[in-house]
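Q: Please work from the sequences and hints to get the whole structure.
Chain by chain, the residues:
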Amino acid sequence: MGTVTAPAAQPVREARRRRVPSRARGLGLNLVALLLGIGLWALLAGLGVQGLPGPVRVAHRAAEVLGDGTLEGDALASLRRVLLGFALGTALAVPAGFLMGWYGVARGLLEPWVQFFRTIPPLAIIPLAIVVLGIGETPKILVIALGAFLSCVISTFQGVIGVDPTLVNAARVLGAGDRVIFTRVVVPASTPFIVVGMRIGLGSAWATLVAAELIAAQQGLGFRMQQAQVYYDLPTIFVGLITIGVLGLLMDRLLLLAERRLGGWQDRR
Amino acid sequence: MNGTRPDGARTGKAAPPDAAKIEFRAVGKVYPAAGGGTAVTALGGVDLGIADEEFVTVVGPSGCGKSTLLGVAAGLVPPTSGEVLVDGRPVTGPGPERGVIFQQYALFPWLTVRGNVEFGLKVAGVPRRERRARAEHFIGLVGLGDFADAHPRTLSGGMRQRCALARAYAAEPRILLMDEPFGALDALTRVRMQDRLLDIWGRERRTVLFITHDVDEAVYLGGRVVVMASPGRVQEVVDVGLPRPRTEEVRLSPEFAEIRNRIWHAVYHQEGNTT
Ligand SMILES: Nc1ncnc2c1ncn2[C@@H]1O[C@H](COP(=O)(O)OP(=O)(O)O)[C@@H](O)[C@H]1O
Ligand SMILES: [Mg+2]
Chain A
1 MGTVTAPAAQ PVREARRRRV PSRARGLGLN LVALLLGIGL WALLAGLGVQ GLPGPVRVAH
61 RAAEVLGDGT LEGDALASLR RVLLGFALGT ALAVPAGFLM GWYGVARGLL EPWVQFFRTI
121 PPLAIIPLAI VVLGIGETPK ILVIALGAFL SCVISTFQGV IGVDPTLVNA ARVLGAGDRV
181 IFTRVVVPAS TPFIVVGMRI GLGSAWATLV AAELIAAQQG LGFRMQQAQV YYDLPTIFVG
241 LITIGVLGLL MDRLLLLAER RLGGWQDRR
Chain B
1 MNGTRPDGAR TGKAAPPDAA KIEFRAVGKV YPAAGGGTAV TALGGVDLGI ADEEFVTVVG
61 PSGCGKSTLL GVAAGLVPPT SGEVLVDGRP VTGPGPERGV IFQQYALFPW LTVRGNVEFG
121 LKVAGVPRRE RRARAEHFIG LVGLGDFADA HPRTLSGGMR QRCALARAYA AEPRILLMDE
181 PFGALDALTR VRMQDRLLDI WGRERRTVLF ITHDVDEAVY LGGRVVVMAS PGRVQEVVDV
241 GLPRPRTEEV RLSPEFAEIR NRIWHAVYHQ EGNTT
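In order, the protein sequence lines correspond to chains A and B. Residue 1 is where the first sequence starts when you use the working numbering, and the numbers rise one by one after that. Residue 1 is where the second sequence starts when you use the working numbering, and the numbers rise one by one after that.
Just so you know, these hints were derived from the structure itself, not from any lab.
Not everything, but these chain A residues come out facing chain B in the computed CB check (under 7 Å):
id, residue
1, Thr166
2, Leu167
3, Asn169
4, Ala170
5, Arg172
6, Val173
7, Leu174
8, Gly175
9, Ala176
10, Val180
11, Pro188
12, Trp265
No residue lacks a Cβ here, since even glycine has one placed at the ideal position from N, Cα and C.
A: Next comes the structure, spelled out in structure tokens:
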């Protein structure tokens with residue numbers, strides 16, 4: 001890059017390299033971005049921005065809460081809620097999305113409710129959940145499930161109605177009946193959409209988590225951050241934020257992997 | 001002008017209509033008005049008979065109802081009047097004796113070439129081993145032996161269409177309905193595909209109804225060429241009468257040019273044609 005070469009040839013090669021960054025190069029850049037971000041953080045903290053703890057203090061706090069087991073306990077409690085809520089939400093969303101895409105009657109019955117609930121932020125459901133379901137695990141998981149359900153049901157539905165009608169016709173002329181068309185054409189054709197919907201649903205599950213843990217929890221990342229806020233304990237808040245980010249990212253990567261595996265046949269757009 | 005004849009026969013004597021493999025009887029199709037538009041007549045009473053093992057091509061300007069005609073024969077488009085008989089029985093839906101090739105290939109992108117070719121066999125409940133063997137045969141027949149495990153997105157247009165051909169052939173239909181199958185291919189690939197199709201047809205004879213908007217293609221492939229005009233009617237049926245097998249020599253012969261010119265005029269100088 002820094003070497004001096006024939007200027008005429010250089011721009012072309014540069015342009016090509018920019019368009020198709022190699023894997024290692026991409027990872028290297030990600031790493032640089034990470035280090036730069038932490039550097040900037042350290043700098044801001046060093047400059048004495050009001051109450052901002054530096055990376056070292058946060059790392060120290062993380063080691064402490066890891067050492068006494070609170071972080072593991074909180075992470076497990078939160079993960080359990082996210083996973084249960086997410087699993088419940090998507091398990092209901094996929095069949096509901098298929099029904100809506102496949103049967104006009106189901107669409108007519110379900111769509112108004114889906115659209116209605118989509119306009120209500122899960123946070124706003126919480127007071128209702130507490131009154132109706134109490135302060136146990138159930139309302140937390142259900143609120144998370146609702147968020148995951150709403151994001152996943154829409155994309156499943158869109159995947160089903162977006163199935164290319166010529167593929168359906170191709171299957172019909174090869175002798176397929178409705179059942180075979182559904183299982184062998186509609187399901188595989190909409191799978192990539194479903195996985196995308198699951199990724200969005202997962203994001204919304206994490207987003208709902210902190211809010212759900214405001215409901216009198218004993219444990220959980222959101223709960224811990226909420227408590228730390230009372231004591232003005234910024235390092236703990238940072239540990240919580242970073243843990244949520246890292247866990248969310250890991251789960252998203254897993255789904256991305258599934259998307260590649262299941263949707264590898266798609267033309268890359 | 002209608003009636004049925006064996007492919008390439010020049011006798012001009014119509015066979016009795018009940019010998020027709022496919023028979024269109026006053027087939028009409030009107031698409032109802034949608035969204036404030038007017039109803040569209042796609043087919044205005046088509047009569048046409050196609051004999052067993054005959055290769056009939058249909059040519060006509062875009063929008064004249066060719067795809068609708070094929071869709072009705074395939075059982076994918078219900079006619080609004082008249083009927084299509086296959087082996088004397090009215091068509092009410094798709095059937096295993098009719099294979100269809102679509103212009104957009106319509107391959108299942110999540111399946112490999114082999115998976116696509118086996119699809120119809122699987123649906124028909126053909127046992128695994130026989131399915132494999134039959135798919136193998138037809139994949140070889142279209143020259144995709146080395147690509148049996150490739151996904152459609154990795155194939156060229158010509159290879160995709162060959163895969164679609166193998167998929168349709170594998171179900172061993174007696175009738176092949178092809179809707180502008182080579183329309184999206186470049187000129188050279190198209191000529192190769194035509195030769196390959198004729199070669200396969202020569203070895204495993206089927207009744208073929210082949211739609212195209214390319215007059216050269218219609219003449220080169222067809223025993224008879226059906227010229228359609230808007231809205232959805234048969235303007236003329238021309239006996240090609242060129243010898244088979246069709247070769248480059250045939251393609252470049254003055255007889256070919258003569259028929260091509262005649263059909264060209266019939267297609268592009270239709271009354272009321274303003275485009
Ligand atoms: N599903 C449909 N709904 C309404 N109109 C249609 C539909 N399919 C085709 N048509 C109309 O019918 C006419 C014939 O179409 P088509 O059979 O596709 O012609 P071709 O294949 O010769 O181009 C056109 O005017 C077209 O717009
Ligand atoms: Mg067409």
